[in-house]
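Start from the sequences, fold in the hints, and give me the full structure.
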Amino acid sequence: MFQLSPVKPPTAAVAPVAPAATLAASAASAAKAIAAVRATVAAARSAVAAATLTAVAAAGLWALTPAPVAAAEPGEAPSTISAPVPEAPTATAIPHALEFNSRAQLVHYPTTRADGSRTTATATLFEPTAPWAGPGPRPTIVLAPGTRGQGDQCAPSRAYLGLASATPGSLNVNYEYQFQQAAAAFGIRVIVPDYIGLGTPGHHTYVHAAEQAYALIDAARAALTLTGAPADAPIGFAGYSQGGGAAASAAERVAEYAPELNIKGTFAGAPPADLSQVMVAVDGSPIAHVLGYAINGFGERDPRFLQLIMDNFNERGHEFVRSAANSCIPESVLNWGGVNSRQLTRTGESFAELSHRIPEIARVLDEQQLGRRPVSAPIYIAHSPHDDLIPFAQAQQLAGAYCQQGGTVDFVIENGPGLGWGTGHALPLMTTLPKGLIYLADRFHNRPAPSNCING
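Under mature numbering (1 follows the signal peptide of the UniProt record, and there is no 0), the letters of the sequence shown match residues -30 to -1, 1 to 426, in that order.
Some hints here could point you the wrong way.
Stated by the list, open to error - Simulated DEER-style distance windows between Cβ atoms:
| # | residue 1 | residue 2 | range |
| --- | --- | --- | --- |
| 1 | Gln313 | Arg417 | 46 to 54 Å |
| 2 | Glu285 | Val55 | 32 to 40 Å |
| 3 | Ala100 | Pro387 | 45 to 53 Å |
| 4 | His415 | Ala67 | 50 to 58 Å |
| 5 | Arg73 | Ala103 | 12 to 20 Å |
| 6 | Arg327 | Pro200 | 50 to 58 Å |
| 7 | Gln339 | Pro387 | 24 to 32 Å |
| 8 | Pro56 | Glu230 | 16 to 24 Å |
| 9 | Arg342 | Asn310 | 27 to 35 Å |
| 10 | Glu330 | Gly308 | 22 to 30 Å |
| 11 | Gly318 | Gly198 | 57 to 65 Å |
| 12 | Pro105 | Arg327 | 51 to 59 Å |
What the hints contain is simulated information worked out from the structure, not anything from laboratory work. Computed from a predicted model, the values in this text were never measured in an experiment. Positions of the beta carbon are idealized from the N, C-alpha and C atoms, including for glycine.
Structure follows, in structure tokens:
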């Protein structure tokens, strides 16, 4: 028998990473922008694209962007990496907006697919110029990015100067810049993986629990190897939304997959832990197109899954899936925001109803469930009950599952505003990321980890 005690805000044992006034102003600005997104996104995208492309061209930096990889059409056999998988990670220096407090490198590193085969993933490594003032060697945070999209141009490492990038008809924005900047100021190393298939051949295996975990864990290994850090240097996982789910999945799997790593803690913000609940919430939402990302990603590993979906989708549904393979989240919102999956199927069933009717679909989704494995280090889970994209209840259930398995869990309610059209999910990002960094900094300083689990 277990329960969670009343939640509480995390204790800020180190200095806040950003002034409260700055966070409040950012939140107000974001809310205003999101409220007007339908009217302004097309014009904004064109303007940003033009400005970014002009800046890149003027700087002569085109060669820094990896050549695009053609995405496979839905229904094709899973793609394979044409180049040999490296035995060790490699790194190349790249310019970025954090040059005043860290040095950035584009990393290629080996990792593992769900079937055990090896592949190559990419990441961005930020090595701080500031010293680490805490005990022991410099710690590393593996920062799992939130949803950028499924096209290769959406890879976090392809964001120009680490901020944003634009290609014709597409925009890639770095949501986690604030976290990266603050961590570097603390002297904490950060590596940001692109996930498997994002920026490398094949479809990005979006919300695939095992593959996202392996991408994070192997990114941690790569960071230690490339910087010459001790094998027992402290490591933390962090992420929000897709990144929160990836961080939690890595925390579940690291003890078995990489027992040599010294994991000190995990921050998982708004994690999509139960896809059976998440797919209902995102259906008809501004980010409904992420269902297409998931279909392509799961189909990359299980062609039968993809075939079952395509057999039950109509022509518009086929276009929904095809277009997802080359979209970043801004154009997904613009082109497919608000679409209901009932409009995409031959029978008028929703995607959730299809999964209930077809066991093979249900099985694949169920395999992604988080909380069935214990975490081996403390974890901080934050979520807002006003989240209108990722259900609060399933994150609360995840925290309870970790408690039941003996975990040290701090589950905290974020009471941010919910203004509709995805803001209940987007706005808490700006408050939870700084708190997540504080939580991990406390773990790196060997301070006792808080827990609101009650076991008995």
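We went through each hint and held it up to the structure:
Evaluation of the 46 to 54 Å hint for Gln313 and Arg417 yields a pass: the beta carbon distance comes to about 51 Å. Range check, Glu285 to Val55: about 38 Å between beta-carbon atoms, so the 32 to 40 Å window is met. About 34 Å separates the C-beta atoms of Ala100 and Pro387, a value inconsistent with the hinted range of 45 to 53 Å. Restraint check, His415 to Ala67: a C-beta distance of roughly 28 Å breaks the suggested window 50 to 58 Å.
The supplied range of 12 to 20 Å is met by Arg73 and Ala103, whose beta-carbon atoms lie about 19 Å from each other. Checked against the hint of 50 to 58 Å, the pair Arg327 and Pro200 passes, with Cβ atoms roughly 53 Å apart. A C-beta distance of roughly 30 Å is found between Gln339 and Pro387, which places it inside the suggested range of 24 to 32 Å. Checked against the hint of 16 to 24 Å, the C-beta distance between Pro56 and Glu230 comes to roughly 20 Å, which is consistent with it.
Between Arg342 and Asn310 the C-beta distance comes to about 31 Å, which sits within the given range of 27 to 35 Å. Checked against the given bound of 22 to 30 Å, the beta carbons of Glu330 and Gly308, roughly 29 Å apart, stay inside it. Restraint check, Gly318 to Gly198: a C-beta distance of roughly 59 Å satisfies the suggested window 57 to 65 Å. Take Pro105 and Arg327: their Cβ atoms lie about 55 Å apart, and the range 51 to 59 Å holds.
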